[in-house]
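*Asks:* These are the residues of each chain, in order.
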Amino acid sequence: MKSIADIKAIREKMQAQIISRDNESEANEIRVVVGMATCGIAAGARPVFNEFVDQVANRGIKHVKVTRTGCIGMCKLEPIVEVFVPGQEKVTYVHVDAEKAKKILDQHVLGGKICTEYLVGDEA
Amino acid sequence: MRELALHILDIAENSVKANAKLVTVEILVDDNLLTIRISDDGKGMSEEFLTRVTDPFTTTRTTRKVGMGIPLLKQAAETGGGTFDIKSQVGVGTVVTTTFQLDDIDRMPLGDIAETATTLLYPNCDFKWIYKVGDREFVFDTREVKEELEGIPIDSPEIIAFLKSMLKENIESINGGIII
Ligand SMILES: Nc1ncnc2c1ncn2[C@@H]1O[C@H](COP(=O)(O)OP(=O)(O)OP(=O)(O)O)[C@@H](O)[C@H]1O
Ligand code: FES
Ligand SMILES: [Mg+2]
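Residue numbers (our numbering), protein chains in the order written: chain A, 4 to 127; chain B, 284 to 463.
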């Protein structure tokens with residue numbers, strides 16, 4: 004059974020990586036923001052948030068930060084995901100699920116190509 | 284919502300927004316009774332506000348007039364053969380307690396507590412989870428995790444992934460094969 008004591012090994016590995024990584028500045032960080040108000044949670048935001056976090060963890064992606072926000076003001080379009088690439092305009096995806104989240108990560112966040120089929124106004 | 288775990292996530296987010304330093308989530312199963320209690324030491328609510336808070340037109344949010352989180356949980360408890368109670372005091376904190384009859388067919392499943400707990404990892408707010416089925420108990424306290432982390436953020440993806448698998452294992456073993 005895993006326990007909190009196992010964190011030591013993970014911490015030591017992470018500390019080593021932090022030292023070896025050359026000061027990658029926060030300016031290059033891409034932010035993925037998931038709307039997590041009641042309406043977002045009810046519409047399925049938790050698996051979307053977790054899909055991004057799992058992918059970033061499992062694939063060791065370092066320049067992507069997954070965060071959450073409360074109300075975005077568009078309940079009917081939840082789950083909503085906003086992607087902030089430094090130097091570019093914010094991109095808002097609507098009706099996101101875990102599968103779309105993976106595609107947004109691969110195609111847009113990592114590949115630089117906006118997933119136009121999930122944008123506001125293009126949803127069915 | 285499809286799971287009680289999603290309600291827990293939602294209600295606990297209220298605590299985080301109320302600047303709680305510590306949120307305690309108790310999930311207790313005793314015979315046919317499931318009790319879920321979420322307590323925080325956040326800013327609390329005035330008596331006047333509290334009497335209105337289960338009414339779906341009360342919120343302090345600005346982008347939308349209606350607060351839904353608390354009314355939805357109250358409704359879930361009452362349709363699941365259970366009870367809902369909220370107590371709060373300005374400057375002291377808030378306690379939300381719900382109970383459910385385990386065998387009530389209209390009761391929502393408890394759902395994925397490990398996912399909810401790992402969605403609630405914050406650098407500035409601690410969580411203590413007490414998960415008890417009969418006399419088997421599991422306690423998860425983020426303050427203990429942070430002590431081990433020596434400054435590495437608790438919401439780092441690697442740490443979240445580890446904690447999720449740790450919680451899944453422990454919860455499964457407490458459940459002992461039953462699905463709550
Ligand atoms: N634990 C708490 N401590 C202090 N105030 C709280 C707490 N929980 C709820 N409140 C207050 O009650 C209001 C209603 O909460 P509720 O969860 O029903 O809706 P909401 O959070 O405003 O919106 P949402 O529908 O996104 O949850 C909140 O806006 C907040 O002002
Ligand atoms: S409450 Fe739904 S987007 Fe704000
Ligand atoms: Mg709320």
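Incorrect hints may have been included.
Straight line, CA to CA, 30 Å or less: simulated BS3-like cross-link-like pairs of lysine-lysine [what the hints assert, rightly or not]:
#1 B/415 with A/103
#2 B/415 with A/5
#3 A/11 with B/415
#4 A/11 with B/326
#5 B/326 with A/5
#6 B/370 with B/326
#7 A/11 with B/451
#8 B/411 with B/304
#9 B/370 with A/5
#10 A/68 with B/370
#11 A/16 with A/93
Restraint ranges, calculated between C-beta atoms of paired labels, are given here [to be verified]:
#12 A/79 with B/304: 34 to 44 Å
#13 B/411 with A/89: 30 to 40 Å
#14 A/9 with B/459: 17 to 27 Å
#15 A/9 with B/405: 15 to 25 Å
#16 B/419 with A/124: 17 to 27 Å
#17 A/34 with B/433: 22 to 32 Å
#18 B/314 with A/93: 22 to 32 Å
#19 B/419 with A/115: 43 to 53 Å
#20 A/91 with B/372: 39 to 49 Å
#21 B/415 with A/8: 41 to 51 Å
#22 A/8 with B/459: 33 to 43 Å
Partial selection, computed: residues in chain A whose CB lies under 10 Å from chain B [to be verified]:
#23 5
#24 50
#25 56
#26 58
#27 80
#28 87
#29 91
#30 93
#31 118
Derived from the structure by calculation, the hints contain no laboratory data. Virtual Cβ for every residue (Gly too), placed ideally from N, Cα, C.
*Asks:* Please work out if residue 415 of chain B and residue 103 of chain A have their alpha carbons no farther apart than 30 Å.
*Replies:* Distance of about 36 Å is beyond 30 Å: violated.
*Asks:* Next item in the hint list is residue 80 of chain A. Is there a CB on chain B closer than 10 Å to its CB?
*Replies:* violated (13 Å)
*Asks:* Do the beta carbons of residue 91 of chain A and residue 372 of chain B sit within 39 to 49 Å of each other?
*Replies:* For residue 372 of chain B against residue 91 of chain A, whose Cβ atoms are near 46 Å apart, the range 39 to 49 Å holds.
*Asks:* Holds or violated: the hint that residue 50 of chain A contacts chain B, with Cβ atoms closer than 10 Å.
*Replies:* holds (8 Å)
*Asks:* Does residue 56 of chain A pass the interface hint, meaning its C-beta sits closer than 10 Å to a C-beta of chain B?
*Replies:* This hint holds: residue 56 of chain A lies near chain B, its Cβ roughly 5 Å from the closest one there, short of 10 Å.
*Asks:* So does residue 415 of chain B sit 41 to 51 Å from residue 8 of chain A, Cβ to Cβ?
*Replies:* violated (22 Å)
*Asks:* With a cut-off of 30 Å on the C-alpha distance, tell me whether residue 370 of chain B and residue 5 of chain A pass.
*Replies:* The given pair, whose Cα atoms are some 36 Å apart, is violated under the 30 Å limit.
*Asks:* Would you say the C-beta atoms of residue 411 of chain B and residue 89 of chain A sit inside 30 to 40 Å of each other?
*Replies:* At roughly 37 Å between Cβ atoms, residue 89 of chain A and residue 411 of chain B fall inside 30 to 40 Å, so the hint holds.
*Asks:* Is it true that residue 419 of chain B and residue 115 of chain A lie within 43 to 53 Å of each other by Cβ?
*Replies:* holds (50 Å)
*Asks:* For residue 415 of chain B and residue 5 of chain A, compute the direct alpha-carbon distance and say whether it is at most 30 Å.
*Replies:* Holds - the C-alpha atoms of residue 5 of chain A and residue 415 of chain B are around 18 Å apart, at most 30 Å.
*Asks:* Taking 17 to 27 Å as the hint, is the beta-carbon distance of residue 9 of chain A and residue 459 of chain B inside that range?
*Replies:* Holds: the Cβ-Cβ distance is about 23 Å, inside 17 to 27 Å.
*Asks:* Are residue 326 of chain B and residue 5 of chain A close enough, with their CA atoms no more than 30 Å apart?
*Replies:* violated (35 Å)
Checked against the numbered hints above, the structure breaks hints 1, 4, 5, 9, 10, 11, 16, 18, 21, 22, 27, 28, 29, 30, 31 and satisfies the rest.
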